[in-house]
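Take these sequences, add in the hints, and give me the full structure.
Quick note on full-length UniProt numbering: the sequence shown kicks off at 1 and runs consecutively.
In case anyone wonders, no lab produced these hints; they're calculated from the structure. Where a beta carbon is used, it is the ideal one built from N, C-alpha and C, also for glycine. Where hints are given, some of them may not hold.
[Claimed, not checked] Derived lysine to any residue pairs resembling SDA-like cross-links, with alpha carbons at most 20 Å apart: (1) Lys119 / Leu81; (2) Lys119 / Thr98; (3) Lys119 / Val84; (4) Lys119 / Asp99.
[Said to hold, decoys possible] FRET-style restraints, in silico, Cβ to Cβ: (5) Gly87 / Ser27: 15 to 23 Å; (6) Glu126 / Trp31: 31 to 39 Å; (7) Leu112 / Leu21: 58 to 66 Å; (8) Ser86 / Lys116: 49 to 57 Å; (9) Thr98 / Leu21: 51 to 59 Å; (10) Gly109 / Ser20: 22 to 30 Å.
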Amino acid sequence: MGRKKEERWLLFSVCFLVLSLAFFGVSFRQWDQRSPVVNGESDWSGVMPAPGQPVKLLHDPFFPAEPGEEEQAPASSQFVLRGVISGQSSMAILELATDPNSSWLVKKGDVLLGEKVLKIGPGSVELSVGEGQVVVLEMIKEEPGSEWGLTN
1 MGRKKEERWL
11 LFSVCFLVLS
21 LAFFGVSFRQ
31 WDQRSPVVNG
41 ESDWSGVMPA
51 PGQPVKLLHD
61 PFFPAEPGEE
71 EQAPASSQFV
81 LRGVISGQSS
91 MAILELATDP
101 NSSWLVKKGD
111 VLLGEKVLKI
121 GPGSVELSVG
131 EGQVVVLEMI
141 KEEPGSEWGL
151 TN
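Here you go:
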């Protein structure tokens, strides 16, 4: 009696494995797209690959990262926010991170060393850096006397 039960479980697990592999194969195949062949034409623009060639998807749900792919470094600004002057037309005091003696008073829309001021808020400034990348600068809170080295 126990032997038949074991054989049933073995048969069930083998069937389940086969069905699982078939489901994975069908699901994975949906992401393997190929460009269509239109009436045997081979004259395609540079947008699509040649007929019958695989189309590379940007995000594959089964394998999210390709080997050798590197993430883009986060955008950074060359400025530090030193202060915000609030009012009808808010202004911000930006200082070069590498040279504390160089500072500018900027308003919304100003472009400074290739970085455009998008928004000035209470204690923060949004800058457009590079190709559509946005960096938010926030006020640096320093203890009184730190600029002269008088902190504990």
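**Q.** Supplied distance hint 15 to 23 Å, evaluated on CB atoms of Gly87 and Ser27
**A.** Since Gly87 and Ser27 have Cβ atoms about 58 Å apart, the given range 15 to 23 Å is violated.
**Q.** Proposed proximity, Asp99 with Lys119 (alpha carbon, max 20 Å)
**A.** Roughly 24 Å between the alpha carbons, so the hint for Lys119 and Asp99 is violated.
Q) Do the Cβ positions of Thr98 and Leu21 conform to the proposed distance bound of 51 to 59 Å? A) Holds, since Thr98 and Leu21 (Cβ atoms, about 58 Å apart) stay within the stated range.
Q | Whether the CB-CB distance between Glu126 and Trp31 falls inside 31 to 39 Å | A | The hint (31 to 39 Å, Cβ to Cβ) holds, given that Glu126 and Trp31 are roughly 37 Å apart.
**Q.** Outcome for the supplied range 58 to 66 Å, where the beta carbon pair is Leu112 and Leu21
**A.** Given about 59 Å between the Cβ atoms, the range holds.
Q.
A range of 22 to 30 Å was offered for this pair. Does it hold for the Cβ distance of Gly109 and Ser20?
A. violated, 58 Å
(Q) The hint says 49 to 57 Å between Ser86 and Lys116; measuring C-beta to C-beta, is that right? (A) Violated - the Cβ-Cβ distance for Ser86 and Lys116, about 20 Å, lies outside 49 to 57 Å.
Q.
For Lys119 and Val84, compute the direct alpha-carbon distance and say whether it is at most 20 Å.
A. holds, 11 Å
Q) Is Lys119 close enough to Leu81, meaning Cα to Cα at most 20 Å? A) Within the cut-off at roughly 13 Å; holds.
Q. Taken at face value, is the distance from the CA of Thr98 to the CA of Lys119 at most 20 Å?
A. violated, 23 Å
Hint violations for this structure: numbers 2, 4, 5, 8, 10, all remaining hints satisfied.
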